[in-house]
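Trainee: Spelled out from the first residue to the last, the chains are:
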Amino acid sequence: MVSSDFIWKLLDEVPDPEIPVLSVVDLGIVRSVNVIDEKNIAVVVTPTYSGCPAVKAIENSIREKLIESGFEPSITTSLSPAWNTDWITERGRERLKAYGIAPPVDEVDKNVLFADAPVVPCPRCNSSNTRMISQFGSTACKAHYQCNECLEPFDYFKCLK
Amino acid sequence: MSALNTYILRIADDSLILGQRLSELCGHGPAIEEDIALTNVALDLIGQATSLYEYAAEIQNGGKTSDDLAFLRLEHQYLNTLLVEQPNGDFGMTIVRQWLFDTFRLPFYEALQQSKDAQIAGIAEKALKETRYHWRHSSEWVIRLGDGTEESHYRVQEALNFLYKYVDELFYMDDIDKEMIEKGIGVDLESLRPAFNERLKHVLEASTLSMPAYEWKLKGGRVGRHTEHLGHILTELQYMQRAYPNLQW
Numbered sequence: 001m002v003s004s005d006f007i008w009k010l011l012d013e014v015p016d017p018e019i020p021v022l023s024v025v026d027l028g029i030v031r032s033v034n035v036i037d038e039k040n041i042a043v044v045v046t047p048t049y050s051g052c053p054a055v056k057a058i059e060n061s062i063r064e065k066l067i068e069s070g071f072e073p074s075i076t077t078s079l080s081p082a083w084n085t086d087w088i089t090e091r092g093r094e095r096l097k098a099y100g101i102a103p104p105v106d107e108v109d110k111n112v113l114f115a116d117a118p119v120v121p122c123p124r125c126n127s128s129n130t131r132m133i134s135q136f137g138s139t140a141c142k143a144h145y146q147c148n149e150c151l152e153p154f155d156y157f158k159c160l161k
Numbered sequence: 001m002s003a004l005n006t007y008i009l010r011i012a013d014d015s016l017i018l019g020q021r022l023s024e025l026c027g028h029g030p031a032i033e034e035d036i037a038l039t040n041v042a043l044d045l046i047g048q049a050t051s052l053y054e055y056a057a058e059i060q061n062g063g064k065t066s067d068d069l070a071f072l073r074l075e076h077q078y079l080n081t082l083l084v085e086q087p088n089g090d091f092g093m094t095i096v097r098q099w100l101f102d103t104f105r106l107p108f109y110e111a112l113q114q115s116k117d118a119q120i121a122g123i124a125e126k127a128l129k130e131t132r133y134h135w136r137h138s139s140e141w142v143i144r145l146g147d148g149t150e151e152s153h154y155r156v157q158e159a160l161n162f163l164y165k166y167v168d169e170l171f172y173m174d175d176i177d178k179e180m181i182e183k184g185i186g187v188d189l190e191s192l193r194p195a196f197n198e199r200l201k202h203v204l205e206a207s208t209l210s211m212p213a214y215e216w217k218l219k220g221g222r223v224g225r226h227t228e229h230l231g232h233i234l235t236e237l238q239y240m241q242r243a244y245p246n247l248q249w
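Sequence order for the protein chains is V and H. Residue numbers are given in my numbering: position 110 of the first sequence equals residue 110, and the series is strictly consecutive. Residue numbers are given in my numbering: position 126 of the second sequence equals residue 126, and the series is strictly consecutive.
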């Protein structure tokens with residue numbers, strides 16, 4: 001019987017469609033893997049944002065990967081507990097930064113209306129002298145920043161908790 | 001239709017119709033960042049609606065899909081509040097509408113997370129995280145515009161004066177709500193008023209805007225009586241499914 005570790009390793013080869021340097025495992029959206037028997041594998045995934053258009057694409061990639069490897073996958077989506085950015089692995093954070101996207105930084109209390117935006121180091125030059133351009137970016141999970149030192153505009157993978 | 005079903009549709013329809021309204025601004029935002037922000041919010045709202053419609057279709061169990069619920073109902077079968085169907089108007093109107101809605105949705109989802117219905121609680125938990133971003137964004141704009149130039153102050157105050165008559169309907173409750181509250185599934189909306197008013201006041205003070213003086217209130221959306229705007233929204237929203245029935249994306 002195949003081990004669930006083996007399945008996790010397979011899934012780690014499935015890239016996120018929007019941020020291909022991250023695997024779906026790095027991103028923390030694979031919630032559980034259940035090896036039912038030699039063939040049947042049950043995988044539970046969770047969306048990052050409710051409206052994330054990549055969810056279906058991710059499900060399809062996971063399905064394809066498992067079918068390719070001779071399994072019969074069943075994939076279900078679970079909403080609770082809700083995904084948050086703490087579930088992005090350490091390796092995932094390093095990969096994001098190397099790709100030019102600043103990884104999530106713990107934010108100050110969100111209940112305070114005008115709590116300062118978090119200090120996000122520039123993924124290019126590491127300067128902390130950066131500013132938020134918009135808290136919404138090119139995808140639901142990103143905000144738009146600019147570095148005041150090297151002037152590089154960059155994406156910030158915003159902290160969701 | 002069961003009370004639970006109606007209850008879910010009321011929440012879902014608010015999200016869908018406001019999401020549709022905001023998506024009208026795709027490519028028409030006042031600045032690229034705002035264009036992206038408003039369409040991001042639209043995407044979250046439509047995502048929330050999708051989860052809710054899927055659940056409603058599941059419990060309805062009559063072979064209906066979430067797409068049927070979103071695209072194939074008639075005007076009087078939509079149960080959204082009148083606020084969310086109001087036209088975008090100028091940017092001030094769009095932002096004030098959003099701010100009033102977000103300020104309501106925040107304590108609503110906070111409370112709905114405690115629902116005894118695990119599926120609803122899960123959707124609320126997820127949606128709450130998104131709503132915090134929406135609320136922050138719309139509140140900041142209300143302050144910036146209210147405390148901005150004479151013109152921007154005038155425009156958002158006018159928007160607030162116009163939209164305020166639709167606010168009370170956000171707290172509308174009837175037998176459906178009563179049953180849901182008794183079963184531990186729904187939220188007693190009356191209990192949310194203090195938190196709502198507190199949040200409203202906080203932003204109003206910072207924005208130098210004032211609460212409209214009138215007491216006039218309009219409602220009807222929750223039981224399917226809408227303003228003339230909803231029909232126009234639906235002609236666009238439903239066009240593809242009406243013109244090409246069962247079309248799959």
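Quick caveat, the hints were computed from the structure, so don't treat them as lab data. Hints may contain errors.
Claimed, not checked - Residues from chain V that face chain H, not an exhaustive set, calculated with beta carbons under 7 Å: (1) 51; (2) 100; (3) 103; (4) 105; (5) 160.
As the list claims (entries may be wrong) - Straight-line Cα separation of at most 25 Å, DSS-like style, residue types lysine-lysine; simulated pairs: (6) H:165 <-> H:116; (7) V:97 <-> H:129; (8) V:56 <-> H:129; (9) H:178 <-> H:217; (10) H:201 <-> V:56; (11) V:161 <-> H:116; (12) H:201 <-> H:217.
Remember, it's a predicted structure, so these values are computed and weren't measured experimentally. Just so it is clear, CB atoms sit at the ideal spot from N, CA and C, and this is done for glycine as well.
Trainee: Against each hint, give a clear statement of whether it holds in the structure.
Mentor: Now for the hints, and whether the structure bears them out:
1. 51: At about 3 Å, which falls below the 7 Å cut-off, the nearest Cβ of chain H leaves the hint on residue 51 of chain V intact, so it holds.
2. 100: Residue 100 of chain V check fails; min Cβ-Cβ to chain H is 18 Å, beyond 7 Å.
3. 103: violated (18 Å)
4. 105: violated (15 Å)
5. 160: Cβ of residue 160 of chain V sits 5 Å from chain H, so the hint holds.
6. H:165 <-> H:116: violated (33 Å)
7. V:97 <-> H:129: Holds, at roughly 24 Å.
8. V:56 <-> H:129: holds (21 Å)
9. H:178 <-> H:217: holds (22 Å)
10. H:201 <-> V:56: Given that 25 Å is the threshold and the Cα spacing comes to 41 Å, the pair is violated.
11. V:161 <-> H:116: holds (22 Å)
12. H:201 <-> H:217: holds (19 Å)
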